[in-house]
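Novice: Can you make the complete structure from the sequences, with help from the hints?
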Amino acid sequence: MDLLDNLLLGFSTALLIENVLYCFLGVLLGTAVGVLPGIGPTATVAMLLPITFNFEPVTALIMLAGIYYGAQYGGSTTAILINLPGESSAAVTALDGHEMARQGRAGPALAAAAVGSFFAGTVATVVLAVAAPPLAGVALRFGPAEYFSLVLFGLIVSIALARGSALKALAMIALGVLLGTVGQDIYTGTPRYVFGQRELYGGIDFVSVAVGMFGIAEILRNLENERTRVSLPASVTGLWPTAEDRRRIVGPILRGTGLGAALGILPGGGHVLASFTSYAVEKRISRRQDEFGHGAIEGVAGPESANNAAAQTSFIPLLTLGLPAHPVMALMVGAFIVHGITPGPNVINDEPALFWGLIASMWIGNVLLVLLNLPLIGIWVRMLRIPYQVLFPMIILFAAVGTYSLNFNAYDVYAIAFFGLLGYVLIKCGCEPAPLLLGFVLGPLLEENLRRALIISRGDPSVFLTRPISAVLLLLAAAALVITVLPAIRERRDTVFTEEE
Amino acid sequence: MRMKRRPRIIAALATVSLITACSGNDDGDGGAEGDAAGYPEQNITIVVPFSAGGPTDTVTRMIADPMAAALGGKIVVRNVEGAGGTVGAGDVARAEPDGYTVLMHHIGMSTAPALYKDLGYRPLEDFATVGLVTEVPMTVVARQDFAPATFQDLVTHVKANAGTVTLANAGIGAASHLCGLLFQAAAGVKLQEVPYQGTGPALTDLVGGQVDFMCDQTTNTSGQITAKKIKAYAVTTPQRVQSLPDVPTTAEAGMPQLAVSVWHGLYVPADTPPEIVEKLSGALKTALADQAVIDQMAKLGTAPVTAADATPDAHRAHLEEQLTTWQKIISDAGVQPS
Chain A
1 MDLLDNLLLG
11 FSTALLIENV
21 LYCFLGVLLG
31 TAVGVLPGIG
41 PTATVAMLLP
51 ITFNFEPVTA
61 LIMLAGIYYG
71 AQYGGSTTAI
81 LINLPGESSA
91 AVTALDGHEM
101 ARQGRAGPAL
111 AAAAVGSFFA
121 GTVATVVLAV
131 AAPPLAGVAL
141 RFGPAEYFSL
151 VLFGLIVSIA
161 LARGSALKAL
171 AMIALGVLLG
181 TVGQDIYTGT
191 PRYVFGQREL
201 YGGIDFVSVA
211 VGMFGIAEIL
221 RNLENERTRV
231 SLPASVTGLW
241 PTAEDRRRIV
251 GPILRGTGLG
261 AALGILPGGG
271 HVLASFTSYA
281 VEKRISRRQD
291 EFGHGAIEGV
301 AGPESANNAA
311 AQTSFIPLLT
321 LGLPAHPVMA
331 LMVGAFIVHG
341 ITPGPNVIND
351 EPALFWGLIA
361 SMWIGNVLLV
371 LLNLPLIGIW
381 VRMLRIPYQV
391 LFPMIILFAA
401 VGTYSLNFNA
411 YDVYAIAFFG
421 LLGYVLIKCG
431 CEPAPLLLGF
441 VLGPLLEENL
451 RRALIISRGD
461 PSVFLTRPIS
471 AVLLLLAAAA
481 LVITVLPAIR
491 ERRDTVFTEE
501 E
Chain B
1 MRMKRRPRII
11 AALATVSLIT
21 ACSGNDDGDG
31 GAEGDAAGYP
41 EQNITIVVPF
51 SAGGPTDTVT
61 RMIADPMAAA
71 LGGKIVVRNV
81 EGAGGTVGAG
91 DVARAEPDGY
101 TVLMHHIGMS
111 TAPALYKDLG
121 YRPLEDFATV
131 GLVTEVPMTV
141 VARQDFAPAT
151 FQDLVTHVKA
161 NAGTVTLANA
171 GIGAASHLCG
181 LLFQAAAGVK
191 LQEVPYQGTG
201 PALTDLVGGQ
211 VDFMCDQTTN
221 TSGQITAKKI
231 KAYAVTTPQR
241 VQSLPDVPTT
251 AEAGMPQLAV
261 SVWHGLYVPA
271 DTPPEIVEKL
281 SGALKTALAD
291 QAVIDQMAKL
301 GTAPVTAADA
311 TPDAHRAHLE
321 EQLTTWQKII
331 SDAGVQPS
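Chains A and B, in that order, are what the protein sequence lines are. Be aware that the first sequence starts at 1, since it is given in this note's numbering, and climbs by one per residue. Be aware that the second sequence starts at 1, since it is given in this note's numbering, and climbs by one per residue.
To be clear, the hints were calculated from the coordinates, so they are not data collected in a lab. Remember, it's a predicted structure, so these values are computed and weren't measured experimentally. There may be inaccurate statements among the hints.
Pairs of lysine to any residue, SDA-like flavour, derived with a Cα cap of 25 Å [to be verified]:
1. B:228 - A:134
2. B:159 - B:334
3. B:299 - A:51
4. B:159 - A:188
5. B:299 - B:278
6. B:231 - A:346
7. B:228 - A:131
8. B:117 - A:188
9. B:74 - A:51
10. B:231 - A:140
11. B:117 - A:185
12. B:231 - B:156
13. B:285 - B:238
14. B:231 - A:138
15. B:299 - A:188
16. B:190 - A:179
17. B:328 - B:96
18. B:117 - A:138
19. A:168 - A:476
20. B:231 - B:158
21. B:228 - A:133
22. B:228 - A:286
23. B:231 - A:134
24. A:428 - A:179
25. B:117 - A:476
26. B:299 - A:350
27. B:117 - A:195
Covered by chain A, per the in silico footprint, the following chain B stretches (three or more residues, Cβ under 8 Å) [claimed, not checked]:
28. 100-109
29. 159-173
30. 196-208
31. 214-228
32. 291-301
All residues carry an ideal CB built from backbone N, CA and C; glycine is no exception.
Specialist: And the structure:
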């Protein structure tokens, strides 16, 4: 049995005391940078990369990988506790996770995120071990036309992210797409909406938008009525999920894992869609649709599982093809090269101990993460008892430092102030930040792939229908659109999604 | 060996937290300006105007430690991305000329004036050159099932099929874009270019067969070439590349005009005292002679420049020549500055 032999080789490598130690160090560091807004895994891996030059290659990669998936794990914590998402996936977790925290249910939310992440990480690692090479072949079938159709599908499905009116949600998506166009057009180099500011040529950073629209706007909203404001959760009702909670998260975790594992394989941005799509799916099939956006535990468990599964399977293109799906993966390509291993399809045959050792270490890393995070929940929840007049300046300070550390660009700090105000005004108008963020993330992907597909086809739009994968995705998108606008369902939507407050 | 690693990593972690916590403080407000004798008295920052993990970043991090050791100080590498490297370069042009802010830039330094209006800095006037660092060779590569078998076939094929062939690149101003322009000029053909955001996605689509061919740095292509996921037609340097012994040079293949390599150099703001520039240049030479640096560069398919080229004068002469060359190639190609 080949697979067993390989796994044996993998575990015998990954269980070397040194490798376990650096795996732990990686996930610990990842959790820490995930918790801090702004300082993301990319910056951390970049700073640690030169240190790993002296390690054994497999040890170096085990630690760097640990930082990456550890950060996916930790990112949910601040999103849930203080509505401060550091990555696009965590923004989805914030929707219901932070509502749960406001209701005094931060403990169950954090536990659902941790358990979901653990299950998804473990299963996705098995997928990675069993099917990496054939799956990588599938990923290569995705060209610009397929990505365009996939993103369009994701965008339409995710209108479900809104809890208010569908019209306002569409307007927010459009605004997000427009904000995403700021910067230099990659095809012609033409600067768009930069107002002569060279700092804007690279576009607006996602973290600035997310931290501003969610975190800062939330603080403004909390401060507007100092007298009557209920300090975050007045009482914490139970640290652990109830039996009812446990029953409710099983389905979302399973579906999230499947969705995330599948989308994570696509190097052109599939992993971005994972948590958005999972949230949309859970909301669509739930019998408690009215709870979504008001603290539905499914809305935490599903997206968190999807996100972690995608984080693991996004290693497939890197390990089997040498093609990075994410800036952190690009850094790992650098790590491979420095150690004299040419990343590419030969790694699996030439360096079996490295390939299987890394995969086995991910399983170990997931165990370490859950052991690390479950006991921490009590401490995190206690943090919420800090008086708000002490807590909110700290949140702002961390947000500003973290955002500045992204690119050492003061513009990013001005941006969180700007987006904080904008977010506050939008909340006051009954518009929500989640669809805006979605448009901001997916808009540029949509445009880039649409134009690239048309450039390659010399302007012939029929490619979207003649390429089978693309055609199927477009059909699904059309079906999703029909379901959304069908009058009967529309009526139900209107009664179910009545405005908050 | 193994036992020794632990203290290092702990020290490194402490450094990381320090860097992230106090990164606002090491800007160097010119407290030591003009004081060349005591230089360096504080951390030196090398600005890399590209993303962490890219070839330029990797090269910088390789030489940072040995340079710091030679200077008897500390060097922090900072990535300031954006607009083809012009954001980071502009930052350094406006920095205090005290030797504590250094720029690592590549061939893009010489192409930016032709590609951007309102650049905000002038390569020759606003910077002092410190020395060249390395020259990374490039390769002309295609999807595995692309019809032409040799470089000559490729030229014939693209001329005959100029309406359908697609040429990928990693974005406006990227090395692959410049090499593609040079190829089109040398072959006398205008092809449909397909820009990507970085080499990674471009290479993914090349391996997947979505685009026909491209020209990019050996660092990025050699793994896919040796695994036969893409095919290589030629390397763009005068000599063959050690890691790809079977791939002919463009000169051997009959197109000596297609000679391009991604050269890297160090810069400081123009008014930096010459003694400090000398110190930096000396440290660069020491770093480039370091066996560990030579070994690590060899793994990237490249090598340090000679000691004679790692000097301010040689670097300046090269920059002047490249500015003229690329100005002509880019305007001949009809690329409008934006």
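Novice: Are the hints correct? Go through all of them and say.
Specialist: Verification of the hints:
no.: 1; hint: B:228 - A:134; verdict: 17 Å, holds
no.: 2; hint: B:159 - B:334; verdict: 19 Å, holds
no.: 3; hint: B:299 - A:51; verdict: 17 Å, holds
no.: 4; hint: B:159 - A:188; verdict: 24 Å, holds
no.: 5; hint: B:299 - B:278; verdict: 29 Å, violated
no.: 6; hint: B:231 - A:346; verdict: 15 Å, holds
no.: 7; hint: B:228 - A:131; verdict: 21 Å, holds
no.: 8; hint: B:117 - A:188; verdict: 13 Å, holds
no.: 9; hint: B:74 - A:51; verdict: 15 Å, holds
no.: 10; hint: B:231 - A:140; verdict: 17 Å, holds
no.: 11; hint: B:117 - A:185; verdict: 15 Å, holds
no.: 12; hint: B:231 - B:156; verdict: 17 Å, holds
no.: 13; hint: B:285 - B:238; verdict: 24 Å, holds
no.: 14; hint: B:231 - A:138; verdict: 21 Å, holds
no.: 15; hint: B:299 - A:188; verdict: 34 Å, violated
no.: 16; hint: B:190 - A:179; verdict: 34 Å, violated
no.: 17; hint: B:328 - B:96; verdict: 33 Å, violated
no.: 18; hint: B:117 - A:138; verdict: 43 Å, violated
no.: 19; hint: A:168 - A:476; verdict: 24 Å, holds
no.: 20; hint: B:231 - B:158; verdict: 16 Å, holds
no.: 21; hint: B:228 - A:133; verdict: 16 Å, holds
no.: 22; hint: B:228 - A:286; verdict: 48 Å, violated
no.: 23; hint: B:231 - A:134; verdict: 22 Å, holds
no.: 24; hint: A:428 - A:179; verdict: 20 Å, holds
no.: 25; hint: B:117 - A:476; verdict: 44 Å, violated
no.: 26; hint: B:299 - A:350; verdict: 16 Å, holds
no.: 27; hint: B:117 - A:195; verdict: 14 Å, holds
no.: 28; hint: 100-109; verdict: violated (count 0)
no.: 29; hint: 159-173; verdict: holds (count 6)
no.: 30; hint: 196-208; verdict: holds (count 10)
no.: 31; hint: 214-228; verdict: holds (count 6)
no.: 32; hint: 291-301; verdict: holds (count 3)
Violated hints, listed in ascending order, are 5, 15, 16, 17, 18, 22, 25, 28; each of the other numbered hints is respected by the structure.
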